[in-house]
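S.K.: Sequence:
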Amino acid sequence: EVYKKRLPDLAAAISDEMGAPLKLAGAAQAPSGLGHFMSTLDVLRNYEFEEDIGTSHVIREPVGVCGLITPWNWP
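Position in the sequence shown (first residue = 1) + 480 = the numbering used here.
Please keep in mind that the hints were generated in silico from the structure rather than gathered at the bench. Each hint should be verified, as a subset may be incorrect.
Claimed, not checked - When the alpha-carbon atoms are kept at most 25 Å apart in a straight line, the in silico SDA-like pairs for lysine to any residue are as follows:
no.: 1; residue 1: Lys-485; residue 2: Gly-499
no.: 2; residue 1: Lys-503; residue 2: Arg-486
no.: 3; residue 1: Lys-484; residue 2: Phe-529
no.: 4; residue 1: Lys-485; residue 2: Ser-512
no.: 5; residue 1: Lys-503; residue 2: Phe-517
no.: 6; residue 1: Lys-503; residue 2: Asp-522
no.: 7; residue 1: Lys-503; residue 2: Glu-530
no.: 8; residue 1: Lys-485; residue 2: Glu-528
Claimed, not checked - FRET-style restraints, in silico, Cβ to Cβ:
no.: 9; residue 1: Glu-541; residue 2: Leu-502; range: 17 to 23 Å
no.: 10; residue 1: Val-538; residue 2: Leu-514; range: 29 to 35 Å
no.: 11; residue 1: Leu-487; residue 2: Asn-526; range: 43 to 49 Å
no.: 12; residue 1: Pro-501; residue 2: Asp-532; range: 49 to 55 Å
no.: 13; residue 1: Leu-504; residue 2: Ile-533; range: 42 to 48 Å
no.: 14; residue 1: Ala-493; residue 2: Ser-519; range: 30 to 36 Å
no.: 15; residue 1: Ile-533; residue 2: Tyr-483; range: 33 to 39 Å
no.: 16; residue 1: Ala-492; residue 2: Thr-535; range: 52 to 58 Å
no.: 17; residue 1: Asp-489; residue 2: Asn-526; range: 28 to 34 Å
no.: 18; residue 1: Ile-533; residue 2: Ala-493; range: 41 to 47 Å
no.: 19; residue 1: Leu-514; residue 2: Ser-536; range: 33 to 39 Å
Built from N, CA and C at the ideal position, the CB exists for glycine as well.
Sequences and hints are given; from them, build the entire structure.
M.R.: Rendered as structure tokens:
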């Protein structure tokens, strides 16, 4: 809900930072972040952080902060 309320602010920030037209930032770029958050929440609701595999008990824990090289542009 907080993210949805701030979509206009996020679109303005994207437009200022990247030079994207405000209409594009508001219609496509800012809402895509919300879609990513919602997809992550859906996955985490059913994710098995702990499970028994054979005679092993597997616990999946975060490793910490990671540096990633990711695409920053479209398509």
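S.K.: Confirm or reject each hint.
M.R.: Hint check results:
1. A distance of roughly 22 Å separates the Cα atoms of Lys-485 and Gly-499; the hinted pair therefore holds under the 25 Å criterion.
2. Between Lys-503 and Arg-486 the alpha-carbon distance is near 15 Å, which keeps this suggested pair within the 25 Å criterion.
3. With a CA separation close to 29 Å, the supplied pair Lys-484 and Phe-529 exceeds the 25 Å bound.
4. Taking the CA atoms of Lys-485 and Ser-512, the gap is near 14 Å; set against the 25 Å cutoff, the hint holds.
5. In summary, the hint linking Lys-503 to Phe-517 is supported, as the alpha carbons are separated by about 22 Å, within the 25 Å threshold.
6. Taking the CA atoms of Lys-503 and Asp-522, the gap is near 28 Å; set against the 25 Å cutoff, the hint is violated.
7. Between Lys-503 and Glu-530, the direct Cα distance comes to roughly 44 Å. Violation of the 25 Å bound is thereby established for this hinted pair.
8. The straight-line distance between the Cα atoms of Lys-485 and Glu-528 is roughly 32 Å, outside the 25 Å bound, and the hint therefore fails.
9. Checking the proposed 17 to 23 Å range against Glu-541 and Leu-502 shows it is violated: the Cβ atoms sit about 41 Å from each other.
10. Between Val-538 and Leu-514, the C-beta spacing of about 32 Å keeps the proposed range 29 to 35 Å intact.
11. Distance hint check: the CB atoms of Leu-487 and Asn-526 are about 27 Å apart, inconsistent with the given range 43 to 49 Å.
12. Checked against the hint of 49 to 55 Å, the pair Pro-501 and Asp-532 passes, with Cβ atoms roughly 53 Å apart.
13. With their beta carbons about 46 Å apart, Leu-504 and Ile-533 fall inside the hinted range of 42 to 48 Å.
14. For Ala-493 and Ser-519, the hinted distance range of 30 to 36 Å is not satisfied, since their beta carbons lie about 22 Å from each other.
15. A hinted range of 33 to 39 Å for the beta carbons of Ile-533 and Tyr-483 is consistent with their spacing of about 36 Å.
16. Evaluation of the 52 to 58 Å hint for Ala-492 and Thr-535 yields a pass: the beta carbon distance comes to about 55 Å.
17. Between Asp-489 and Asn-526 the beta carbon distance is about 32 Å. The supplied range of 28 to 34 Å therefore holds.
18. With their beta carbons about 44 Å apart, Ile-533 and Ala-493 fall inside the hinted range of 41 to 47 Å.
19. Take Leu-514 and Ser-536: their Cβ atoms lie about 38 Å apart, and the range 33 to 39 Å holds.
In summary, the numbered hints that this structure violates are 3, 6, 7, 8, 9, 11, 14.
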